[in-house]
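Q: All chains should be modelled from the sequences, with the hints used to inform the complete structure.
There are 2 protein chains.
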Amino acid sequence: MSEETTAASEAGPASVLLIDDHPLLRKGVKQLIDLEDDLEVIAEASNAETGVAKAVETDPDLILLDLNMPEINGIETLKMLREADVGSRIVVFTVSDNEEDVVAALRAGADGYLLKDMEPEELLASLNQAALGKMVISEKLTALLAQALQAGRTTKSADISSLTPRERQIIKLIAAGLPNKLIARKLSITEGTVKVHVKHLLKKLNLRSRVEVAVWAVNEGLS
Amino acid sequence: MSEETTAASEAGPASVLLIDDHPLLRKGVKQLIDLEDDLEVIAEASNAETGVAKAVETDPDLILLDLNMPEINGIETLKMLREADVGSRIVVFTVSDNEEDVVAALRAGADGYLLKDMEPEELLASLNQAALGKMVISEKLTALLAQALQAGRTTKSADISSLTPRERQIIKLIAAGLPNKLIARKLSITEGTVKVHVKHLLKKLNLRSRVEVAVWAVNEGLS
DNA sequence: AGCGAAATACCACTTTGGAGGTACCTCCAG
DNA sequence: CTGGAGGTACCTCCAAAGTGGTATTTCGCT
Numbered sequence: 001m002s003e004e005t006t007a008a009s010e011a012g013p014a015s016v017l018l019i020d021d022h023p024l025l026r027k028g029v030k031q032l033i034d035l036e037d038d039l040e041v042i043a044e045a046s047n048a049e050t051g052v053a054k055a056v057e058t059d060p061d062l063i064l065l066d067l068n069m070p071e072i073n074g075i076e077t078l079k080m081l082r083e084a085d086v087g088s089r090i091v092v093f094t095v096s097d098n099e100e101d102v103v104a105a106l107r108a109g110a111d112g113y114l115l116k117d118m119e120p121e122e123l124l125a126s127l128n129q130a131a132l133g134k135m136v137i138s139e140k141l142t143a144l145l146a147q148a149l150q151a152g153r154t155t156k157s158a159d160i161s162s163l164t165p166r167e168r169q170i171i172k173l174i175a176a177g178l179p180n181k182l183i184a185r186k187l188s189i190t191e192g193t194v195k196v197h198v199k200h201l202l203k204k205l206n207l208r209s210r211v212e213v214a215v216w217a218v219n220e221g222l223s
Numbered sequence: 001m002s003e004e005t006t007a008a009s010e011a012g013p014a015s016v017l018l019i020d021d022h023p024l025l026r027k028g029v030k031q032l033i034d035l036e037d038d039l040e041v042i043a044e045a046s047n048a049e050t051g052v053a054k055a056v057e058t059d060p061d062l063i064l065l066d067l068n069m070p071e072i073n074g075i076e077t078l079k080m081l082r083e084a085d086v087g088s089r090i091v092v093f094t095v096s097d098n099e100e101d102v103v104a105a106l107r108a109g110a111d112g113y114l115l116k117d118m119e120p121e122e123l124l125a126s127l128n129q130a131a132l133g134k135m136v137i138s139e140k141l142t143a144l145l146a147q148a149l150q151a152g153r154t155t156k157s158a159d160i161s162s163l164t165p166r167e168r169q170i171i172k173l174i175a176a177g178l179p180n181k182l183i184a185r186k187l188s189i190t191e192g193t194v195k196v197h198v199k200h201l202l203k204k205l206n207l208r209s210r211v212e213v214a215v216w217a218v219n220e221g222l223s
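Protein sequence lines, in the order shown, are assigned to chains A and R.
Using this note's numbering, read the first sequence as starting at 1 and increasing by one per residue.
Using this note's numbering, read the second sequence as starting at 1 and increasing by one per residue.
Since the hints were derived computationally from the structure, they do not count as laboratory data.
No experiment lies behind these values; they were computed from the predicted model shown.
Mixed in with the good hints, there may be bad ones.
To be verified - According to the in silico footprint, chain A covers these stretches of chain R (three or more CB under 8 Å from chain A): (1) 44 to 53; (2) 174 to 184.
Claimed, not checked - As a list, the in silico BS3-like pairs of lysine-lysine whose alpha-carbon atoms are at most 30 Å apart: (3) A:Lys181 with R:Lys27; (4) R:Lys181 with A:Lys203; (5) R:Lys79 with A:Lys172; (6) A:Lys140 with A:Lys195; (7) A:Lys204 with A:Lys186; (8) A:Lys172 with R:Lys203; (9) R:Lys79 with R:Lys186; (10) R:Lys203 with A:Lys30; (11) A:Lys79 with A:Lys27; (12) A:Lys195 with R:Lys116; (13) A:Lys54 with R:Lys79; (14) R:Lys181 with R:Lys199; (15) R:Lys27 with R:Lys134; (16) R:Lys186 with A:Lys199; (17) A:Lys54 with R:Lys134; (18) A:Lys30 with R:Lys186.
C-beta atoms are modelled at their ideal positions from N, C-alpha and C, and glycine is treated no differently.
A: This is the structure in structure tokens:
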């Protein structure tokens, strides 16, 4: 194997699905893309639901996704797409150069993040790259990203001082690799309660799993 | 609440379950324990199965567990006890001062590790401590333990050189906090396959969860 | 006296993770 | 050319993790 199995490419031009609630912009992008032999818009959608449906239906190579949509925003849509096991490359295409959006999108599994104020040629070049599997990010954002990643920061990211004593105690045990059950045993509380603390920890530190908590703690020196 | 809920103590002497395939030794220990007002042997077992059964049945405060038993060894028994959600303090009582055994026992959730060549008075003192929730370890072992923990080592612990390229690739992603699904996406393989690699990783590194793998990797500098 | 944060507990539920097993393919060494 | 190692996939099954609630107690601060 090694082909056919993962991406749905090979053969002709790479198929593109546009998801954007702005018809005019879709039209413009479509025209632009159709100038390119290697890319072809095979479907469009103006909201999350139909977007996901079309994605599942057409399994495109690339999905261009707007962030600012009514009702269900782009990040949610992104998650929905991934939930639906859409394997397509997903590139966020938006006006927002807000750090939180960028980080959230990449976190949610975006394969690229492009700003709508790009030059058309740049956009095409980026989309081609994306279709080939490269992660594409607008240059304007690289500095911002570097900064965000640097401090291990992602969005605001609180620090250890915002944690309660109990939480600090538990984070160390997580970093020691203990499962909730053992943490509970060690602290003589129920596993359910440990879960509550872990939940709060994840919330406060803006992390997504105990693994991230453990890594964070280790890097933070919470040995 | 705050009492009654966690340990099953209060009231009279702490109840003790002996699990050891050596009847004579059981008898000796029982006599010794019965000299102590604060401890009482309420059951005995000569193998894993009946040991677990009695533990579930009597929910003792303390379980004294021999490691060298036929058929199912002590470590397995220990795991079975924890599986069965036996909340009792479990103290391993054995002749083995082998590092692997000690580490494995503590890993498996033992609350103590005592050597059979202890002085009777020491044993009693230790058991009392254990019944009160203290972790008890024979002094002879402390040096060994310190050494084992020091290098993050636990048992022999293989190193990164024993991993295949694919495994090395995956361990980094685990350390980045990615769940299997995202790792699969990133490597363009199925989640099932990722699980296989993770399984092998756990086996090779002798770790018990992806959290431990992540911590190990971070400490190892696999950023 | 009253309020709010922290800690605890429980419950129902969904999603991940991990174990164990089979199977197929490729590449390389013996 | 046979066999093993590595990689991939798929399967079932069960445990662990996480989410969303509600609720109680304790403690410290107005």
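Q: Indicate, hint by hint, whether the structure satisfies it.
A: These are the hints, each one checked on the structure:
{"no.": "1", "hint": "44 to 53", "result": "violated (count 0)"}
{"no.": "2", "hint": "174 to 184", "result": "holds (count 7)"}
{"no.": "3", "hint": "A:Lys181 with R:Lys27", "result": "34 Å, violated"}
{"no.": "4", "hint": "R:Lys181 with A:Lys203", "result": "22 Å, holds"}
{"no.": "5", "hint": "R:Lys79 with A:Lys172", "result": "24 Å, holds"}
{"no.": "6", "hint": "A:Lys140 with A:Lys195", "result": "40 Å, violated"}
{"no.": "7", "hint": "A:Lys204 with A:Lys186", "result": "23 Å, holds"}
{"no.": "8", "hint": "A:Lys172 with R:Lys203", "result": "24 Å, holds"}
{"no.": "9", "hint": "R:Lys79 with R:Lys186", "result": "35 Å, violated"}
{"no.": "10", "hint": "R:Lys203 with A:Lys30", "result": "51 Å, violated"}
{"no.": "11", "hint": "A:Lys79 with A:Lys27", "result": "25 Å, holds"}
{"no.": "12", "hint": "A:Lys195 with R:Lys116", "result": "38 Å, violated"}
{"no.": "13", "hint": "A:Lys54 with R:Lys79", "result": "49 Å, violated"}
{"no.": "14", "hint": "R:Lys181 with R:Lys199", "result": "15 Å, holds"}
{"no.": "15", "hint": "R:Lys27 with R:Lys134", "result": "25 Å, holds"}
{"no.": "16", "hint": "R:Lys186 with A:Lys199", "result": "27 Å, holds"}
{"no.": "17", "hint": "A:Lys54 with R:Lys134", "result": "60 Å, violated"}
{"no.": "18", "hint": "A:Lys30 with R:Lys186", "result": "28 Å, holds"}
Comparing the model with each numbered hint stated earlier shows that hints 1, 3, 6, 9, 10, 12, 13 and 17 do not hold.
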